[in-house]
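Visitor: Okay, here's what each chain looks like letter by letter:
There are 2 protein chains.
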Amino acid sequence: MSSGLTSCPGSRTPLQRFRSERSTLNAGWLAASQSSGPAGPAANGRPPLRAGPRRLALSVRSQRRRERIGAGSFQWAARARRGANERAGGGASAAAAGGCEERLVAAAAAATGCGRRRAAMAAAEAGGDDGRCVRLSAERAQALLADVDTLLFDCDGVLWRGETAVPGAPEALTALRARGKRLGFITNNSSKTRQAYAEKLRRLGFGGPAGPGAGAEVFGTAYCTALYLRQRLAGAPAPKAYVLGGEALAAELEAVGVACVGVGPEPLQGEGPRSWLDAPLEPDVRAVVVGFDPHFSYMKLIKAVRYLQQPGCLLVGTNMDNRLPLENGRFIAGTGCLVRAVEMAAQRQADIIGKPSRFIFDCVSQEYGINPERTVMVGDRLDTDILLGVTCGLRTILTLTGVSTLRDVKSNQESDCMSKKKMVPDFYVDSIADLLPALQG
Amino acid sequence: MSSGLTSCPGSRTPLQRFRSERSTLNAGWLAASQSSGPAGPAANGRPPLRAGPRRLALSVRSQRRRERIGAGSFQWAARARRGANERAGGGASAAAAGGCEERLVAAAAAATGCGRRRAAMAAAEAGGDDGRCVRLSAERAQALLADVDTLLFDCDGVLWRGETAVPGAPEALTALRARGKRLGFITNNSSKTRQAYAEKLRRLGFGGPAGPGAGAEVFGTAYCTALYLRQRLAGAPAPKAYVLGGEALAAELEAVGVACVGVGPEPLQGEGPRSWLDAPLEPDVRAVVVGFDPHFSYMKLIKAVRYLQQPGCLLVGTNMDNRLPLENGRFIAGTGCLVRAVEMAAQRQADIIGKPSRFIFDCVSQEYGINPERTVMVGDRLDTDILLGVTCGLRTILTLTGVSTLRDVKSNQESDCMSKKKMVPDFYVDSIADLLPALQG
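Protein chains in written order, with full-length UniProt numbering: chain A, 1 to 441; chain B, 1 to 441.
Since the hints were made in silico from the structure, they are not lab data. Cβ atoms here follow ideal geometry from the backbone N, Cα and C, with glycine treated the same way. Don't take every hint at face value.
Stretch-level coverage of chain A by chain B, calculated; a stretch enters the list once three of its residues show a Cβ under 8 Å from a Cβ in chain B [unchecked claim]:
# : region
1 : 270-277
2 : 318-324
3 : 327-341
Working from the sequences, and respecting the hints, build out all of it.
Guide: Laid out in structure tokens, this is it:
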């Protein structure tokens, strides 16, 4: 009965929202993992996720990791930072090495409440400095890279902007591959398939497998939404999804056996509200999936809510990004704006697939067998890439070629909001090209 | 930079949001009132709001009332309730008169925190019972009506559902008019002009002035948004508004001299994000107005945000209703869903005109010279109609012919959330036809 002014989605804090998404997705994911049986569902010839004992073991390990992280995610990051700082000659000298570090460390020292507790824990574990958001110098990069075997990269704003590669970025990734590092690409963008991303990576010089294995390094929200639906809709005969999104999202869903309806323009039909509600609905629609949809319309919003009133119909959002940055500071509205509209009309919270929901990391973890202590997350957004990395116990590098700035970092360090406190990276670089000297040395 | 997960609109509590809207609008309204000068702007022949000394006096009185209400809105309601309860034979007997009252009073007594404080104040001021949400029996209605001279009604769900009048409602309003009561109609619906509402009122038998004065009793969000823009854009040469809304909203804006662009369908132009952003913008757009827009589209969302990036461009939402109820429990998505999408993409809070923002009450107050102690708000929604009435110190009647139920009332009474505690009416009726016996006696 309530209007948006009293609707739950509208009034949740970021942390509440994040927690609710995470718990929803983990519950769904683990439950489904365990129910999928030893063989797991084979979907249209796509190899199933690792099934049976290994799969369950992974799930359980991932569950234990979650519990540890839930109980004190700090330990992971602290151990990672301690290692890095020791090799970097100690956090104190690192902090003293540059003006920005001094500002950031000062800000950290000035932080109140949980900030002070965190600083105290850091001092205890990392030798007198919490080492948060230190410029990743060449020597620190060498120390860090010696300590990790997997690097996960966001794409837009990190590897490229639009169709232009960040200068030096392809060379940096080529050098990382030459050093035997495993690379993964985690993107909230739902408008490309794994294969399309793999082609773009190769086209812009970032390498990666071609042929049948193309896309194996790519974890986009279109693909991961398909994994989620395959789990949640397991057992449903010929399930369908009403998709607010593009062809790529539909292609990934159909690859796991979920038929898609609603893709493309949906103009207003009829003369008024009653006739809008008389527009026919497809049978067997088990989920409404909201991705990036440039054809989003009021008619689609109404239809989505009508499907969501049917018993058991899932509401899934690929991500909650409010904006999609383009070149020169321009941007377009992001998928999150569309998810919010549907959530408010349906008075339901969507299950969110993309960063910072840890479901997308669980997808990588399932396929890569990740050890968080030896994994780095590199991204340009504090509220998605860095928050995901911190929450999952990864080391984190912010690159300044995209959305977030050092001012944003400082603001988060000074914030009293727990969820913002988590959005502070271990290191930052002007560009991932800054990794090159460490790799060429 | 933040995604929806950390955006302010998404994380505000209902009370924070309501306060921010109220303060924004009152500030704008009063500032503009005082700046409009003794004559006030005459807009396209429409008589200006009462201008000069009286207008300022009203504004100041309304400001003082706001301060009193802000400091302790309870006193207003308590006085009103005390009067009603004395005439109703005391709240205790009223509370004992019916099962529902007993449940609700018990719930109130069981309420914790501020609930207990409120109950204690009520006990002190109203003679042992807070008298909240008592069925409005014929004798209580007689007592109440003897004590008031103005009744403000919501329309959809109170007077009619769709095109069908609530049985007995026209007769009740006719009887109220015959008793010399002043009636006003306050609706969040932005899809009709004042005149169109006046015609519907007469067509369904609710009477009201015809001819030149038609619509003088109607305060819809299309009209009140026009009043707001006339104030906020005073002095802007030939201002324009980008309108996500229908012809009625545009007509009201143009009647106060604000030219409207964007009404009607706006299909996707171009092949991709860059070409979408290349679509030309109109010059001199000073405000983006989001109302009920069945032609809402992604292209409109992008354009709205581009206008909002221009210095000084206002963002105004007609209301935040999440749903627009139709007959038989059916509904369509409300304006609030569209406002939320724009707010999230623009990373700005909209100024909200409609209930429960008190701006719409100030519009009535300016034109009617309202005495809150002698005014009743009658509505079917706790989160808009009743919250507005309580906040403005009016007596409140919930009618059960629309959205909210007694279960919702109980839930609000039992809630620990201050903003929900305010969403409890003084009285309830099954239908406003229940007023008839008191009027015919």
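Visitor: So, for every hint listed, does it hold in this structure?
Guide: Outcome of the hint check:
With 4 residues bearing a CB less than 8 Å from a CB of chain B, the region 270-277 of chain A meets the requirement of three and the coverage assertion stands. Residue count for the region 318-324 of chain A with a Cβ under 8 Å from a Cβ of chain B: 6. That meets the three needed, and the coverage hint holds. Counting residues of the region 327-341 of chain A whose C-beta sits closer than 8 Å to any C-beta of chain B gives 10, which meets the bar of three, so the coverage hint holds.
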